[in-house]
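Trainee: What follows is the residue order along each chain.
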Amino acid sequence: MAETVGGAYSKPEIAGEIPLDQVAREPFHRQHVLDLDDFSAGEILRVLDTADIMKEILRRPIKKVPTLRGKTVVTLFYEASTRTRVSFETAAKNLGADTVSVAATTSSVSKGESLVDTLCTLQALGADAVVMRHSYSGAPYLASRIIKGSVINAGDGWHAHPTQGLLDVYTVRNKMGRVSGLKVVILGDVLHSRVARSAIWAMTKLGAEVTVCGPATLLPSWWVQTAAQNGGLVMPGLRLSCDLDRTVEGADVVMALRLQMERMQAGLLPSTREYVRMFQLNSARMSRAKSEALVMHPGPMNEGIEIAPDVAHGDQSVVEEQVSNGVAIRMALLYLLIGPNVNVPVEGERR
Amino acid sequence: MAETVGGAYSKPEIAGEIPLDQVAREPFHRQHVLDLDDFSAGEILRVLDTADIMKEILRRPIKKVPTLRGKTVVTLFYEASTRTRVSFETAAKNLGADTVSVAATTSSVSKGESLVDTLCTLQALGADAVVMRHSYSGAPYLASRIIKGSVINAGDGWHAHPTQGLLDVYTVRNKMGRVSGLKVVILGDVLHSRVARSAIWAMTKLGAEVTVCGPATLLPSWWVQTAAQNGGLVMPGLRLSCDLDRTVEGADVVMALRLQMERMQAGLLPSTREYVRMFQLNSARMSRAKSEALVMHPGPMNEGIEIAPDVAHGDQSVVEEQVSNGVAIRMALLYLLIGPNVNVPVEGERR
Amino acid sequence: MAETVGGAYSKPEIAGEIPLDQVAREPFHRQHVLDLDDFSAGEILRVLDTADIMKEILRRPIKKVPTLRGKTVVTLFYEASTRTRVSFETAAKNLGADTVSVAATTSSVSKGESLVDTLCTLQALGADAVVMRHSYSGAPYLASRIIKGSVINAGDGWHAHPTQGLLDVYTVRNKMGRVSGLKVVILGDVLHSRVARSAIWAMTKLGAEVTVCGPATLLPSWWVQTAAQNGGLVMPGLRLSCDLDRTVEGADVVMALRLQMERMQAGLLPSTREYVRMFQLNSARMSRAKSEALVMHPGPMNEGIEIAPDVAHGDQSVVEEQVSNGVAIRMALLYLLIGPNVNVPVEGERR
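Protein chains in written order, with numbering that gives the first Met the number 0: chain A, 0 to 350; chain B, 0 to 350; chain C, 0 to 350.
Worth flagging that the hints you see were computed from the coordinates, not collected in a lab.
Model, not experiment: these values are computed from the prediction.
Check each hint, because a few of them may be wrong.
The list treats identical chains as interchangeable, and a pair is accepted whether it falls inside one copy or across any two copies.
Using 30 Å as the maximum straight-line C-alpha spacing, the simulated BS3-like pairs for lysine-lysine come out as follows [what the hints assert, rightly or not]:
#1 Lys-182 x Lys-63
#2 Lys-289 x Lys-174
#3 Lys-147 x Lys-63
#4 Lys-54 x Lys-289
#5 Lys-174 x Lys-147
Use the sequences and the hints to build the structure in full.
Mentor: Written out as structure tokens, the structure is:
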């Protein structure tokens, strides 16, 4: 009943085929969430359906349930973050868990305590889940070998940011009713973006057709080479383009990525003005997309650089929904990872 | 039944008149607490009476009630603070709310995330109240346009610190039984003091006669000019003086302000020794006040500079009561702003 | 029935004598825990027995009890720490208390607020317990004169770290069934180690025979002098040695201390290589100890310096148990200090 991603790529929206976002939900047997690369469509849908239940809790006057009472969730952040840390802490507290916050700058990591030692300590202290952000790609994999509870990757280097990818795809499904067959454009510095990588996995797994677009210096070079040899195709479900105006034509979703100002100094970009002219998401460009197309951004936005202020705050922007949906997605994951062993009935199973 | 502040200024303590601190309590229909300048006497009394109820809770063996269960209170501090942040967090937790702490130095504000972006994020994350301290005057007003819940100003630049003003006036009422008609002296660097500004609003609204006293370089220049033209009167309820010894004569309350050491370097003061000689609150000066007069200070104190150690810790000092009352006042405000829609019966209504 | 420490030192393991770790438990009437130097054996056993009860709670699926509901525990850390702060916060939350975290770098202590002022504030804010780490020896004693609740020393300068000493002795008792009569070696920089000082108090009070071993420059000079005059004996229960290989012979417990790299720069050590050769705890040395001997370390470990990696993570290592036991010990202390006035029945009393 479930199709493969390759199958999805071959026009799943054709009548008679079952779109990927209606495949059978799969049970969730994971211990950790480190990346989305090995998630099946059915697992992603299980997370999204659980997030629907969490969203209902968030609408209640008392948006708190005791499901994770007695569980301890530690946020271990080696990079500064307001958005993601507060989102996870709010999610954990909404489910009744206790939270402990460890920041690299104020903890003994600043006096040379190794990552392994810190993780061993958190393990021994009885953390049920460790939510971890680290500037080194792969650090959460190391953590998953030490922590006997669950590790959730909250962003590692340029590698992955799986909860961001899930909240992106959840926001699309919520607004558009489906993901399968949608035309999604991801725009900007894809090379250095863990957000882009995770969004691409989530979107293509559910059958969207993703095109990434940006300066060639800010795209993975093997993508550029593969696309050059295959008429723009990088892999099933993923295309590459350097012409934003043509790419955005008829798009259902356009996601702009944050441009790190360091890229200019590193010589990867000629100038901000050049970038704005070629790749800023502005209203002229959005007018080429479908009229009901969504504007997305993982935040924090550099308004006036990668996105024009009127687009950032316009009617089509779902940037705030992305942030709110992040709480629901993180509640869903914490529930599925460390919650009581109860099967939540979801639509896919009731049939 | 309620008098105007101007009326209060004209000797409200005269027999037959109703003191301003016994006016009818008014319902509390605010969404935010940004400043005290637009609070009526009746609103202030509503807050103080609610704080009385909270103080009773704080005397219980288990000083915790579930009133704000499921609510999230975020403290967003762009300036360091132990006292105010811990006070708000304790207040929120005592009422059963969850708290999330965001400090400028450890969050992504350090990598250039704009204030607006941070506020939009907190809004989208579902904060019920944002308690905010910022070095720019007016920043909480900006916040109040973004946050759909409540914003409480925990100090903005030189502008206002309304919860401090409320706890000051509450401490006076608790110790003296009334505020109306009391002679209050505020001493020191009024120019740079948000604490002084908020205390003056709160005290004069309830009918106290406030005199500020300090070096002319540390007083607002238009106050100095107005006072020079009006025999010391700045506005109804507020006088200005440069002669501390005479001013303190017969005072009911003397509040010393913290002297920032930077003022010396900025050339606003000749020397610490000079300041101490002219304006330190010492026991000789306090002996000119009424025998039961209160010594107040917003803390942290520079003992030996703006206040002598024996006065700071003497029998007349209520500095510690100010801090404890701060918890009750902040519980009261959180209750009135985001609590369940129940009218707490207060004395003024039972009549 | 209880023996003195001196008595314990004179071979308590001889048949017919009652080992010190089976003396009658004593009630716990302390307000503060500042050092272990004035703890009796009976008091220490009361703490360890209470920790046994807490360990049982930690094994439950919902490892949380409401015993300290409505109590506020403040962690006031003037030195960075992950391990100890998270351990105390977890302990407090497991017992249902609220926690507030104050770090020196992010609070107004950074703008010159004095320690006394901060403590007065925490007192006035209603802290039931203040858990305090400070780089000045004795700072918690100052705190105990201000705080009307309880002060727990979480490490002060080179002086004491009593909860670490208690968790060390608790770990030994848990693994070996007793402490009395055991041969314990403490190895490394004893001079600068508050951990060593507290472990020595706890171990000798319960009748262990402790030998410290390290470079003479890293041992207290009066210990070196006293030992030289008394055939290695510093005081009853405590010996000193500079020959690690001989000292470790037949040991039941070997605890390596962290070597601060600053010591090298201060000229107290010739080189890392020299230290490793003479004093590293490696498998060759451990093979001289009893076959079931325990390897301990307070963490964070410098693997390859004071301890070899295979020993640090080998079968005999109880480093992780030390960390987990820390939560149980801190729960026990918080319970005994600020818990409801209930006598927990312990084995010693049931007889």
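Trainee: Since the copies are identical, ignore which copy is meant and state whether Lys-289 and Lys-174 lie within 30 Å (CA to CA) inside a copy, between copies, both or neither.
Mentor: within (14 Å within a copy, 68 Å between copies)
Trainee: How do Lys-147 and Lys-63 come out at 30 Å by Cα distance, when the copy is not named: within, between, both, or neither?
Mentor: both (27 Å within a copy, 19 Å between copies)
Trainee: Evaluate Lys-182 and Lys-63 at a C-alpha cut-off of 30 Å and name the case that applies: within, between, both or neither.
Mentor: This pair counts as neither: shortest intra-copy Cα distance 37 Å, inter-copy 48 Å.
Trainee: When Cα atoms must be at most 30 Å apart, do Lys-54 and Lys-289 count as within-copy, between-copy, both, or neither?
Mentor: within (28 Å within a copy, 59 Å between copies)
Trainee: For the identical chains here, do Lys-174 and Lys-147 meet the 30 Å Cα criterion within one copy, between copies, both, or neither?
Mentor: between (37 Å within a copy, 22 Å between copies)
Hint compliance for this structure: hint 1 alone is broken.
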